[in-house]
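Given only the sequences and the hints, what does the whole structure look like? Please build it.
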Amino acid sequence: MPDILEQLESLRAREFRVAMATLVAARGGSPRPLGAKLFVGLRGDLLGSVSIGGCVDARVAEHGQRLLGENRSERVTVTVDDTEARELGLTCGAEFDLLIEPIELRDPDQAVDAYETATRLSRSGQTAYVVTTATTPGQRPRRVVVTDLADVPTDAFFVERIAPPDVLVIVGASDVAATLARLARILGLRVVVVDGREQYATKERFAAADEILVGMPSELVRPFLRHGTFLVLAAHDYKYELPILRDALRSPVRYVGMLSGRKRAESVRTVLREEGLSDADIARLHAPIGLDIGGREPEEIALSIAAQLIAVRENKSVARRSEDAAIPAAPLARSSA
Amino acid sequence: MTAGAPPYGSAILEHFRRPRNQRRLERPSAAHEAYNPLCGDRVRLELEIDGLVVRAAGFTANACAICTAAASILTERLTGATLEDAAGVRDAEMLAALGGEGAVPPARVTCALLPLQALRAALAAWRTQA
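Top line first, the protein sequences correspond to chains A and B.
So for the first sequence, the working numbering puts the first residue at 7; every next one is plus one.
So for the second sequence, the working numbering puts the first residue at 195; every next one is plus one.
If you are wondering where the hints come from, they were derived from the structure by calculation, not from laboratory data.
Just so it is clear, CB atoms sit at the ideal spot from N, CA and C, and this is done for glycine as well.
Some hints could be false.
[As the list claims (entries may be wrong)] Here are some of the chain A residues that sit facing chain B, going by a computed Cβ distance under 7 Å:
#1 Ala169
#2 Gly202
#3 Arg203
#4 Met222
#5 Ser224
#6 Lys245
#7 Tyr246
#8 Pro249
[Claimed, not checked] Here are some chain B residues pointing at chain A (derived, C-beta under 7 Å):
#9 Pro231
#10 Gly234
#11 Arg236
#12 Asn256
#13 Ala257
#14 Trp320
[Claimed, not checked] Far from chain B, by Cβ distances over 10 Å, these chain A residues were calculated:
#15 Lys43
#16 Leu105
#17 Arg126
#18 Arg148
#19 Gln205
#20 Glu210
The following block contains the structure:
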């Protein structure tokens with residue numbers, strides 16, 4: 007899930023100008039959020055999507071190529087109204103409004119400037135809003151970037167929130183962590199990898215990570231123990247888990263998961279309870295970690311963790327991995343090297 | 195070790211479960227973080243030195259039970275000690291304090307001595323500065 011800055015950089019390498027289609031309204035449900043974008047090149051090359059593929063994106067692409075050729079903007083409505091599909095009961099009957107406009111990629115362009123500014127602000131940790139103001143039919147929409155909703159102009163007709171990405175902190179540079187880092191990056195999370203061992207936490211093993219931190223893990227993690235952080239303990243070693251859990255389970259982080267079998271997880275919970283953590287604190291720990299999809303390979307476990315992160319992000323109830331699929335438990339006092 | 199026996203002696207378990215002086219000092223005069231690149235044990239030892247005496251010792255550890263217990267025992271040993279006494283703590287003394295012969299398996303001696311390694315490095319750095 008690349009951000010729009012990454013999408014524009016990718017487009018710039020092969021196109022001078024493209025049509026940018028932005029989903030601005032949907033009736034009857036939409037699989038993609040408002041603001042979703044599809045870029046259409048002169049030769050019909052596509053990047054992104056405004057639906058989950060199929061007929062909607064295809065029609066938007068047609069409009070995009072047409073408007074790119076005509077060099078003008080238009081608000082287009084696409085209705086899923088295929089007669090045959092409707093008669094078979096195989097259509098959702100939804101309706102989508104899209105703002106489609108040509109944008110310049112290698113010359114100055116107000117829309118590109120606005121999205122690049124907003125994305126840079128979000129990457130620096132600040133939420134930005136790209137405001138599209140009322141437009142004259144056929145003419146390019148105008149955009150401004152604000153960081154406070156109170157500054158949104160009164161003639162705004164569409165406001166896009168460009169928020170900083172959620173942060174995933176992975177402690178323990180294991181094979182599971184390496185795959186999880188790649189998956190999480192694709193899912194649009196900012197990935198921070200933490201370990202006490204520099205030969206594990208390397209750029210080669212974690213090319214997808216935004217940040218790799220080596221040192222005392224419990225201290226390196228502390229600045230991230232805030233709202234919105236997802237924390238995954240993938241070291242499978244109590245020496246890192248206990249010092250971090252003592253703080254993390256009392257912090258406002260959104261998610262704490264620990265790679266562990268059920269038996270070892272219970273031992274860790276017992277130690278934390280003896281140290282004074284409340285039942286409510288301890289109940290926040292997802293261990294065994296991940297959704298129960300089966301699978302024992304590092305890649306499969308990483309996928310189950312990534313799926314659980316999405317479920318938590320979307321406020322869905324989550325099932326946990328089964329005992330069978332979990333890593334075999336080790337006695338607490340012997341799990342260190 | 196017999197089957198079913200606890201893996202560690204009482205000194206190690208006691209100091210791991212209830213570590214003494216596990217804290218950051220406000221104004222340490224000397225400090226060093228030692229780590230074992232193989233197992234990932236990390237321990238930072240901090241000393242507050244007043245004249246020729248260690249007034250306070252503290253540690254932070256993301257480390258195994260043996261290493262954490264050793265750091266805890268060492269900081270108790272160092273508090274109030276003269277610098278000469280602190281510098282003279284031997285490996286054998288450390289291992290003995292952890293429970294004597296057999297309490298620390300040979301493969302784990304490195305873990306037991308990591309805090310002592312931090313102490314020696316901290317004192318060496320302090321002497322260079324002083």
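Results for each hint:
1. Ala169: Status violated, d = 32 Å.
2. Gly202: holds, 4 Å
3. Arg203: Check passed: Cβ of arginine 203 of chain A comes within 4 Å of chain B, closer than 7 Å.
4. Met222: holds, 5 Å
5. Ser224: Result: holds, 5 Å to nearest chain B Cβ.
6. Lys245: holds, 5 Å
7. Tyr246: holds, 5 Å
8. Pro249: Holds: closest Cβ of chain B sits about 5 Å from proline 249 of chain A, inside 7 Å.
9. Pro231: holds, 6 Å
10. Gly234: holds, 4 Å
11. Arg236: holds, 5 Å
12. Asn256: holds, 5 Å
13. Ala257: At 5 Å from the nearest chain A Cβ, alanine 257 of chain B passes the 7 Å test, so the hint holds.
14. Trp320: For tryptophan 320 of chain B, the interface hint is violated, since the closest Cβ of chain A sits about 21 Å away, which is over 7 Å.
15. Lys43: Holds, because the least Cβ-Cβ distance between lysine 43 of chain A and chain B comes to about 43 Å, which exceeds 10 Å.
16. Leu105: For leucine 105 of chain A, whose nearest Cβ neighbour in chain B is about 52 Å away, the distance exceeds 10 Å, so it holds.
17. Arg126: holds, 35 Å
18. Arg148: Non-interface label on arginine 148 of chain A holds, nearest chain B Cβ at 53 Å vs cutoff 10 Å.
19. Gln205: Incorrect as stated: the minimum Cβ-Cβ distance to chain B is 6 Å, not above 10 Å.
20. Glu210: With a cut-off of 10 Å, glutamate 210 of chain A remains clear of chain B, as the shortest Cβ separation is near 17 Å.
Checked against the numbered hints listed earlier, the structure breaks hints 1, 14, 19; every other hint is satisfied.
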